[in-house]
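A.B. asks: Each chain is listed here by its residues.
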Amino acid sequence: MAILEVNNVKKVYTTRFGGNQVQALSDVTFSVEKGEYVAIMGESGSGKTTLLNILAALDKATAGQVLLNGKNLSAIRERELSAFRRQNLGFVFQDFNLLDTFSLQDNIFLPLVLAGKGYNEMRTRLMPIAGKLGINEILGKYPYEVSGGQKQRAAVARALITNPQIILADEPTGALDSKAAESLLSMFQGINQEGQTILMVTHSIKAASCAKRVLFIKDGQVFHQIYKGSSSDEEMYQKISDTLTVITTGGGKHE
Amino acid sequence: MNRFFYGRLAFSNLKKNGSLYLPYVLAVIGTSAMYYILMAISRDEGIKEMPGSGDLAAILGLGCGVIGIFAVIFLFYTNSFLMKRRKKEFGLFNILGMEKRHIAKMMFWEIVMVAFVSILLGITAGVLLNKLVTMVLLHLVSFEVPFGFHISIEAIVSTVILFLCIFGVTLIYNLFQVQKAKPIELLQSASHGEKEPKTRWLLAVVGILALGGGYAIALFVENPVDVLILFFVAVILVILGTYCLFTAGSIAVLKLMRKNKNYYYKTRHFTSVSGMIYRMKQNAVGLSNICILSTMVLVMVSGTISLYMGVDSSVNNRYPKEINVTGYGLTENGRERIKGAVAQAAADMEIGIENISSYTNLSFTVSKDGENLNMPNGIKVPEGEMSIVEWVTLEDYQRMGGKKVELREDEVLVYTKIGDKEDQAYHFLDKTFQIKEHLTQLYLTDMQTDVMYDVYFVVVKDEKVLQEIYELEKSVYKERASQIVYVTALDVKGEEEQEIAFGKHVSELLAAGTAEGEIDVRVETRAEYRDSFMMFCGGFLFLGIFLGFVFLMATTLIIYYKQVSEGYEDKARFEIMQKVGMSKKEVRSSIRSQILKVFFLPLVMACIHLLAAFPMINRLIFLFGMADMPLFAICTVGTVGVFALIYAVVYGITARSYYKIVG
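Protein chains in written order, with our numbering: chain A, 1 to 255; chain B, 1 to 663.
Worth flagging that the hints you see were computed from the coordinates, not collected in a lab. As the structure is a prediction and not an experimental result, all values here were calculated from the model. There may be inaccurate statements among the hints.
Quick partial rundown of chain B residues pointing at chain A, CB under 7 Å, derived from the structure [claimed, not checked]:
no. : residue
1   : Tyr265
2   : Thr267
3   : Phe270
4   : Tyr278
5   : Arg573
6   : Ile576
7   : Lys579
8   : Val580
9   : Gly581
Every residue gets a Cβ at the ideal spot worked out from N, C-alpha and C, and that includes glycine.
Produce the complete structure using the sequences and hints provided.
C.D. replies: This is the structure in structure tokens:
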């Protein structure tokens, strides 16, 4: 069953002066099944980030609808929106977005504290996740005291700790060195194997080749998609690479 | 390259950073205007001609010094805020290819522009406001002289020199800062990762001890002379304690809060406690500054206002009657001459007199240790409590309505309002006086003024005994010994002018030499005393309000800069929290509660300081003759109320600009 349905989403930005209209998304339709691991690829300016913002309920679509577990995001009232996002969505960002006023542990606890959970419950939830992500040792440290890879793992823990319906990741490997990126990606695969749904926006072929399905966006619409099926990461890498070549050399005719 | 290039660049920089520089420029304008005004008034020829202006000039001179020192510290401090915010900009210039010496040139032009504009406007404002302020001052000291509008060149020169020096030092400091920094550091310094402050228990303990010591002095030192000396010790201790407590104590308390898991992990406390811990280090000094400045404003304004409001009660306390004639070491003849002179003056001026009373009295300070009245001699102060003994004769006591009793030469009657009432006898040098009775009423109302010391009125048999006591006193105090005085006090039926004229006339009559030679006599009128005391208190009030205003301005500016720089830091944090699932409303309310706590902490602390200082200030203004505690309490509460109101308004205005930045 589809956990996330995106139906004919359109987004038009109107510049403040002069009324020039810029179409970021023209018509996007796709769905994500429970337990899937989907990567969305596209060039800069293709509308990836706009799409992710709409999925994260940070922005509203001009037309079309987004359903999470059958619930229309645009129908949620402003007041309940934050709680809804907290309960159903987990976020991983390119620049980590950890608060430097908190230790890593407190950063991870933040969404739970906002939800009014007690310390003991938070601790019980954190322990298995921290073990899995290998951050047990550094929970007491502050973001400015640890490496980028460790920061990103803490950010993943923060996304996982609410048991979200889906994890939305925006260029999660963008600020990491190749080794840290690789370990993060294998962590994502591990989490996904345990049943966690993940949607990742990236333009790293390496990152996308770990996903089970890759969607390509061009000029504001879904242009193509490939399934990984039983191919290995390397084969997937090749497939994506080929597709991108086709897209960038402008071949609408290959569709 | 165009030779105006750096000037133009500097100008556009200033324009771009307008919201940062405007308050700074306003502060320079304000302080330089104030400095000019005080300088001009204290040098004013018209004021020098006023009677009793010596005190006033000294008070104003003191004010000039305070504002001068303050301007240096304050402007330097605000400058560091500016530099912190602008380092990134300088780093960018550096990376885009400007050498450090080019940046230095640009900074030089910036400071020249700021200095030129702000000093010019400051002096202009000072010149314009000078007249108004002078009128306020003259009104406060109840003096009416029409002053012409004039500009004090001396004050202008001194203002320009002072502020040019401040700007010069500021420039050197800024250049040094940029010079020693690497470009990448300049670029990153605004978002520099901060270490969590360590709990410094030693500092916290020192803070508590210093503050406790200061409070203890304020609360428990009762001797007025000690109060005067220890007041500054207490002030320094409290300032030290405030700095230590804000830097160390607050962090210690916050960390304890964080240790309490059930408290800490609540939405309301979670972000605010951690934010405060994070912020405490960078803000501790700023908060202490705000706290100390606020305390100073409160103490100064409430103290001077109550002195001023209490002028009449102080004057009446000091001089219960309008005309006071005091003769020193008089013979019977001398006394007759005083009586005669008073009567003749009344006849000459055809003026009615009433409530006339006279008494003979010897008064000196002793150190009272139980029943022993010790005489402090030289530097060695004997055990006991400083007290005043007023020796009077049985004759005067009974003439004023005291009860009929017989006294032997070694017997006395004693009256005291707040001193020991259980003593059996007094031992004074080699003499012992048996106390026949402790009186409940003295009748000598002219003598019973309120002073800080314990006062003992000792009624002795007659003047012969009084004379003996005087000889004894002289044997110890030598030329410092106080003499036996003969005081005649009376009221005249008439206006103040007649009162003063009457006093003058009596004084002239007594000064005229006669066959018996001159007598040592002093004539004081309440009206004249009131005028000079008014000059003193009015001058103090003026300075109190003036400095209060300057400090308030400083407090306002510090708050503003704190809000703005915190706004830039919070912007990013605010966005992250929203992404993670905090609603806009939650973020706003959590940030508001945090800032509210942080900003009203100094105010609360200042009020606690004021509360602790209250008894001490009460005793201090008592030294100036102001003995009206309830009035002082009302003035203090009123001052705190007005101050809190202004503080809240300032907070509201700056908080708005804060929210504008954040979001």
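A.B. asks: Take the hints in turn and mark each one as holding or not.
C.D. replies: Do the hints match the structure? See the list:
{"no.": "1", "hint": "Tyr265", "in the structure": "5 Å, holds"}
{"no.": "2", "hint": "Thr267", "in the structure": "6 Å, holds"}
{"no.": "3", "hint": "Phe270", "in the structure": "5 Å, holds"}
{"no.": "4", "hint": "Tyr278", "in the structure": "4 Å, holds"}
{"no.": "5", "hint": "Arg573", "in the structure": "6 Å, holds"}
{"no.": "6", "hint": "Ile576", "in the structure": "4 Å, holds"}
{"no.": "7", "hint": "Lys579", "in the structure": "6 Å, holds"}
{"no.": "8", "hint": "Val580", "in the structure": "6 Å, holds"}
{"no.": "9", "hint": "Gly581", "in the structure": "3 Å, holds"}
In terms of the numbered hints stated before, the structure departs from none.
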